[in-house]
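J.: Residue numbers for the sequence shown follow my numbering, so the first one is 1 and each next one is one higher.
If you are wondering where the hints come from, they were derived from the structure by calculation, not from laboratory data.
It cannot be assumed that every hint is accurate.
[Said to hold, decoys possible] Cut-off 25 Å, straight-line C-alpha distance, at most; resulting in silico cross-link-like pairs (BS3-like, lysine-lysine): (1) K33 x K51; (2) K14 x K33; (3) K51 x K14; (4) K14 x K93.
Source: prediction; values computed, not measured.
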Amino acid sequence: MPPELLAILAERFKAFAEPARLQVLYSLRGGEKSVNDLVALTGLGQANLSKHLQVLHAAGLVVRRREGAFAYHALADGDVLQLCDLVCGRLDKESRALLKALSR
Numbered sequence: 001m002p003p004e005l006l007a008i009l010a011e012r013f014k015a016f017a018e019p020a021r022l023q024v025l026y027s028l029r030g031g032e033k034s035v036n037d038l039v040a041l042t043g044l045g046q047a048n049l050s051k052h053l054q055v056l057h058a059a060g061l062v063v064r065r066r067e068g069a070f071a072y073h074a075l076a077d078g079d080v081l082q083l084c085d086l087v088c089g090r091l092d093k094e095s096r097a098l099l100k101a102l103s104r
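Start from the sequences and build out the full structure, keeping to the hints where you can.
T.: Structural data, given as structure tokens:
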């Protein structure tokens, strides 16, 4: 893979490296949401949410649609969610195994 593509891939993975951004991605699972919807779902302040959305947009993980004064955000495609599910599913399995081992 060319170094330029690897750099783009690395930037996308960096976007996943923040819990608040993962929370935003999971909040978008059900479809398009307004900024106000995302504030309510995530508990993030609007300024903080906007900063995270900017990173997610720059990484190509989230798309934005404007309608008048409102902006609506959605996952760029289903692959984003599949990647989250894969990583989080693995983490869930590992944490369950660890809890089981600790309870012995």
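J.: Confirm or reject each hint.
T.: Evaluation of the provided hints:
Between the alpha carbons of K33 and K51 the distance comes to roughly 16 Å, so the proposed pair stays at or under 25 Å and holds. Of the pairs offered as hints, the one joining K14 and K33 holds, with about 23 Å between alpha carbons and a cut-off of 25 Å not exceeded. As the CA atoms of K51 and K14 are separated by approximately 14 Å, the hinted pair is consistent with the 25 Å bound. A distance of roughly 23 Å separates the Cα atoms of K14 and K93; the hinted pair therefore holds under the 25 Å criterion.
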